[in-house]
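Novice: Working from the sequences, and respecting the hints, build out all of it.
Chains as they are written, first to last, in our numbering: chain A, 1 to 273; chain B, 274 to 599.
Where hints are given, some of them may not hold.
[Stated by the list, open to error] Simulated restraints, written as ranges between beta carbons of each label pair:
id, chain 1, residue 1, chain 2, residue 2, range
1, A, V84, B, R405, 33 to 43 Å
2, A, A125, B, R401, 32 to 42 Å
3, A, V84, B, R479, 36 to 46 Å
No lab work stands behind these hints: they were computed from the structure. We put the CB at the ideal spot given by N, CA and C, even for glycine.
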Amino acid sequence: MKLGTSLIIGGLLFTLAIVVGLLAPWLAHTDPVMDANLMNAEEPPSWMWWFGTDAQGRDIYSRVVYGARISLTVGIVSQLVNSVIGVTLGLSAGYFGGWWDDIVNGLTNLMLAIPSLIFALAIMAVLGPGLTSLLIALGLTNWSFTCRIARASTLSLKSQGYVQAARVLGYGDLRIMITQLLPNMLGPIIVIGTLGMGSAVLAEASLSFLGLGIRPPYPSWGSMLSEARDQITTAPWLSVFPGLAIFLTVLGLNLLGDGLRDILDPQSRSRRT
Amino acid sequence: MTGPALIDVEDLRIDLNLGSSRVAAVEGVSFHIDRGETFGLVGESGCGKSITALALIGLLRRPLSVGAGAIRFEGREIQNLPAVEQRTLRGNRIAMIFQEPMTALNPVSPVGRQIAEMFVLHGGKSWRDANRLAVEALASVRVPAPERRVKDYPHQLSGGMRQRVMIAIALACGPDLLIADEPTTALDVTVQAEIIELMRNLCAARGTAVLMISHDLGLVANFCRRVAVMYAGRIVEQRSSDDIFRACSHPYTQGLVDSLPRLGSRARLGRSRLREIAGVVPAITNFPSGCRFNPRCAQATEVCRTTAPETTMLGADGLVRCHHHA
Chain A
1 MKLGTSLIIG
11 GLLFTLAIVV
21 GLLAPWLAHT
31 DPVMDANLMN
41 AEEPPSWMWW
51 FGTDAQGRDI
61 YSRVVYGARI
71 SLTVGIVSQL
81 VNSVIGVTLG
91 LSAGYFGGWW
101 DDIVNGLTNL
111 MLAIPSLIFA
121 LAIMAVLGPG
131 LTSLLIALGL
141 TNWSFTCRIA
151 RASTLSLKSQ
161 GYVQAARVLG
171 YGDLRIMITQ
181 LLPNMLGPII
191 VIGTLGMGSA
201 VLAEASLSFL
211 GLGIRPPYPS
221 WGSMLSEARD
231 QITTAPWLSV
241 FPGLAIFLTV
251 LGLNLLGDGL
261 RDILDPQSRS
271 RRT
Chain B
274 MTGPALIDVE
284 DLRIDLNLGS
294 SRVAAVEGVS
304 FHIDRGETFG
314 LVGESGCGKS
324 ITALALIGLL
334 RRPLSVGAGA
344 IRFEGREIQN
354 LPAVEQRTLR
364 GNRIAMIFQE
374 PMTALNPVSP
384 VGRQIAEMFV
394 LHGGKSWRDA
404 NRLAVEALAS
414 VRVPAPERRV
424 KDYPHQLSGG
434 MRQRVMIAIA
444 LACGPDLLIA
454 DEPTTALDVT
464 VQAEIIELMR
474 NLCAARGTAV
484 LMISHDLGLV
494 ANFCRRVAVM
504 YAGRIVEQRS
514 SDDIFRACSH
524 PYTQGLVDSL
534 PRLGSRARLG
544 RSRLREIAGV
554 VPAITNFPSG
564 CRFNPRCAQA
574 TEVCRTTAPE
584 TTMLGADGLV
594 RCHHHA
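Specialist: Next up, the structure:
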């Protein structure tokens, strides 16, 4: 694939998802929760009902549009939390070394050994379903890759001339970490973060599908899939459209991540010039 | 001389900890630099000149550590100061520039910001004032069009320009001592001359003392008032730079002087080869007993192999560490 194509397609898909989420009240035809009408239950897609209606007669299109809000909120916020935790731990561990490095390393290995979805399930089981606990569960379980990358980058950057120079010029540890190390490792962190957002969207869908995430009647793509699974043979549009929304959003985020890596990775950059 | 020297190093020893054993990478090094003075430290790779400089600014890292001796800045011992106080010395009172201007600047930060940061960090200035001062600092190191250059990233500048930026950063807070570790080694000869001239003018104008570290005896003798020659972790000879070519007494210094190419010397002396110093520098873990130069020294006698020579003072500015000094 030509350089930049994946970036453009991924960027467009992700932007589309964000725009849809932001403009949901204007794009939706009906209220996603309240406008149930049993008179037009399980209508197939038509000019009237673009994506069809569900068993309660709610417009699937409107619910998918509103579902973008929840999926993207979960994806972005939980990945931000992951990135902050991962960078803080990895950067400080790589910079200070010693016993702190050992602790962070052990913790990272522990997190990598536990399947993150199972861990998130356990946290959800304790906190109960809902958006906040979903954010907490996903935000605490996916920082290990970011942490690894941040630590590895710190170790290699630490010996760079400008980091030594900053120390000689009287910079404090915190200032060196923030002004010298962090900006220079931002590329890979952003790439990992974008890819992580995709997996967070998927994880939200999985947890909601299992009934632990967003609960009906609120529209999240995962919970819509969960509700639709009994009618998958009689009313396939109930599962197709939320599934397609998940697919396109995650695909967009992954393409965006790949495209960003092509731009931000110094190795591919030097290949080009 | 009135009052204490700006920096006074006394009997410094730097240990290299190798787990089980400990060897002295630098031993018995003493020198002082007065306010506004230029002092050079010359020696080949691995003789300990760079780690001596790192010891001065308190940045020796494991496995290196100061084993003995004292480093006094304005009469105050600084090697055991708490980290916070050492940090306020660094950059503010003692600054340093490096051999590699390519890597000593942060690649993701505009150079103007990197200069301005010094004013914010040590001068307590606001960013607005600091940015204005950064333009002035760039102008002072004779970077053309400084108000545009401040927005440039390091990769947009040439090696000479980057070294100018490094000098601007180092001199930003008006330090009392500038340590220049091989400041021109990575540069072209013509650029080298410009940078040396720039450093000379700026430091003379501001009364900044300079400790110049280099393997280039000619460069150091040209720039500095006094020169110390280091070999295998010890200062073997110290002279005023006027004397070093005329009247050096240590065989190693003599060897260094002889190995410098000189214009016209070939024709005059009818010699086609430069003289070299035979042998290689001994490994740090395997220094010879007695005088450390004895395996390579043409004048070595029995006493050189068994007893380490003491330093002999030669007038006010000179000293030599040799059994056979003239």
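Novice: Each of the hints needs a verdict: does it hold here or not?
Specialist: Results for each hint:
Taken as a hint, the range 33 to 43 Å holds for the pair V84 (chain A) and R405 (chain B), whose Cβ atoms sit roughly 34 Å apart. In this structure the supplied range 32 to 42 Å is violated for A125 (chain A) paired with R401 (chain B), their Cβ-Cβ distance being about 54 Å. V84 (chain A) and R479 (chain B) have their C-beta atoms about 44 Å apart, which keeps the hinted 36 to 46 Å range intact.
This entry does not satisfy hint 2, going by the numbered hints stated previously; all others are met.
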